[in-house]
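Listed in order, the protein sequences are those of chains A and B. Residue numbers for the first sequence follow my numbering, beginning at 2 and rising by one. Residue numbers for the second sequence follow my numbering, beginning at 662 and rising by one.
Be aware that one or more of the hints could be misleading.
[To be verified] With a straight-line Cα cutoff of 25 Å, these simulated SDA-like cross-link-like pairs (lysine to any residue) come out:
#	chain 1	residue 1	chain 2	residue 2
1	B	Lys839	A	Leu40
2	A	Lys196	B	Thr990
3	B	Lys839	A	Glu30
4	B	Lys839	A	Glu23
[What the hints assert, rightly or not] Derived list of chain B stretches under chain A, where covered just means 3 residues or more per stretch with a C-beta under 8 Å from a C-beta of chain A:
#	region
5	773 to 780
6	797 to 805
7	832 to 838
8	927 to 941
9	989 to 999
To be clear, the hints were calculated from the coordinates, so they are not data collected in a lab. Virtual Cβ for every residue (Gly too), placed ideally from N, Cα, C.
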Amino acid sequence: MPTKTLIEAIREGLADEMRRDEAIVVLGEDVGVKGGVFLATDGLHAEFGDDRVIDTPLTESMIVGVSIGASQNGLRPVAEIQFADFITPAFNQIVQEAARLRYRSNNAFGCPITIRAPFGGGVHGALYHSQSVEAFFTHVPGLKVVVPSTPYDAKGLLRSAIRDDDPVLFFEHKKMYRSVRGDVPDGDYTVPLGKAAIVHPGSQVSVIAYGLMAHYALEAADRMAEEGVSVEVVDLRTLRPLDKETVLDSVRRTGKCLIVYEDNRFGGYGAEVAAIVAEEAFDYLDGPVMRVAGPDVPAVPYNHVLEEWFMPNPDKIAGAVRRLAAY
Amino acid sequence: MVTERKVSALAGEYGLTDVDLLAMYRLVALARSIDERLWVLNRAGRIPFVISGQGHEGAQVGVTYPMRHGTDWLCPYYRSIAACMTAGMSARDIVTAQYATANDPSSGGRQMPGHYAHADYNILSVSSPVATQILHAAGIALAARIRHTDQVAMAYMGEGSSNQGDVHEALNFVGIHKLPMILIVENNGYAISVPASKESAVEDIAVRAAGYAMPGVVVDGTDVLACYRVAREAIERARAGEGGTLIEAKVTRLTAHSSDDQQTKYRSAEELEAEKARDPLPRFRAQLQDAGVLTDARLEAISADVATTVDEATQYAEAEPDPDPATATWWVYHEDGPADWIAPWKREHRAD
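Please work from the sequences and hints to get the whole structure.
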């Protein structure tokens, strides 16, 4: 099976889907001849041309709003927001329009669009090229939110996102674009939305994570194994709809739950997971539901010392697992 | 009603027939009559809220009439009763939205009145944040161009909405790609209470079209046929691949912003009295009477038909059931709700 980077898997997923369905168009800033600032769309313009690979002005609200409109009239747009940090001008279109269109029209209109955006820190991106924005959107019924952590999942989940009849936000951790490699089959396969994966079985502590944090959780699990602590790592893959059953099954077996996310701790996505575990697995818990998350400063500072201070990492995760295992 | 394709001098001047002129008059009169009924129902405690299009009907019927209904797309706004009816929505469709009945085609009783939509007529559902729909129209027009469907998208909004950033982003994109989109700005001079002088640095919103390399046209929105003519020309340009048009129709707002607004607080009695002279309905009526198209007998017939239609729609909506709370969780996502579900409004015959 060929080994690919995450960005290669995403690029292939886009190209394969565009070959399969001519209703799919890609639009965003620099997605055309340049192929995107991270080269996620490299080669698509050459293969599919101006009509299907559309360079837009620097207008994020337009990128999403036009995608919504185009999806009403027979297209299946895949929008790229160049950095997740810049998605906020499109917040109104995503939250008020894309998310609510089906519900507010009593199913007369749907919104089959995919919005891809690179997110996350650890890349010297500072405040405005490092943000994790998933919690803004996982809060909103009507949106689906996906965060892949392996090339295999990235391609399979992207296909599912594009084929889905509802708006899907597809957040790609940019530190993983070229640092993460994995097996990606050539054929047409999909990974279903809404299904988590147990990526490291264990018996004493459940670590719930997604994106880059799933990799750091695996590193922490290996380290803790050397200390005799058996850690189970659950990679959520889709944040909304959340695969509650896989999370709760794991926690009911281990009795201990640590949630890891890179976003600010307060009100972050992990807070919802913690609430669900507390409500629905309380009788099985042998310790507090704990979190490792980004600190509550507005965003990731630039200087590398400050950035390292901000970012969750395998050390911090292992430390929390150690504390939790001691209960 | 006349059925022969008679062409009076007036109709001929606009490339229409007398049947068209009478149909347009009926739409203006019917939209007005429904609107007036809504205020009565609101004051009688039957419906909680009204947002009105009175004063805008002539412009809406005029610009919407030349569209290919059911093929072209409308992205309306909350005053678009007459536009939506011109595109195909019935009196029942409009009035069930006020009662928020289960079979209201706009939203199944989920949205406030004024958020008209109808999938059969390509009238896209709208939200309350203003001007978002202009980008949807641009996207619809993009898809029309890419798919070579020969469709036109028409978006409607007030001049208050014209200051939103989404309008700039939409028109810029339409201008770059010469997309078949037409933006109708219904300028009634007020954004709720704020007068145009405090909304915009320019008197005519249409001049902004120059920044998007498209024609900007100011038209008297009380002149139905003038509105028809500029829209037909814009539609022809759009279908010919020559791009979008910004049409600014100067209209008057004959009512308060909504049933929750008291416009005498910010508009003088003299101004309100003077504005009545800019009512498109009597103007259009007199124009058609002068042209010999609207005879006394035809006027009487149309008026009687309008009255009956409004009464019937009101009685119909009054008797229609509310949505079942058990359905309130349906259609957050496409997987929700029964697989074999058919929207209530599709199941029933809808009288005009």
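Structure-based check of each hint:
About 28 Å separates the Cα atoms of lysine 839 of chain B and leucine 40 of chain A, which puts this hinted pair outside 25 Å; it is violated. Distance hint between lysine 196 of chain A and threonine 990 of chain B is fulfilled; the C-alpha atoms sit about 22 Å from each other, no more than 25 Å. Distance check on the hinted pair: lysine 839 of chain B and glutamate 30 of chain A sit about 19 Å apart at the alpha-carbon level, within 25 Å; holds. Of the supplied pair hints, the one linking lysine 839 of chain B and glutamate 23 of chain A holds, its CA atoms being roughly 22 Å apart against a limit of 25 Å.
Check result for the region 773 to 780 of chain B against chain A: holds, 4 residues qualifying (beta carbon to beta carbon below 8 Å, three or more required). Only residues whose C-beta sits within less than 8 Å of a C-beta in chain A count toward coverage, and the region 797 to 805 of chain B has 9 of them, enough to reach three; the restraint holds. Under a criterion of three residues with beta carbons nearer than 8 Å to beta carbons of chain A, the stated coverage of the region 832 to 838 of chain B is upheld, 3 such residues being counted. Restraint check on the region 927 to 941 of chain B versus chain A: 0 residues with Cβ-Cβ distances below 8 Å, three needed, restraint violated.
Remark: the region 989 to 999 of chain B is confirmed as covered by chain A, as 6 of its residues place a Cβ nearer than 8 Å to a Cβ of that chain, reaching the required three.
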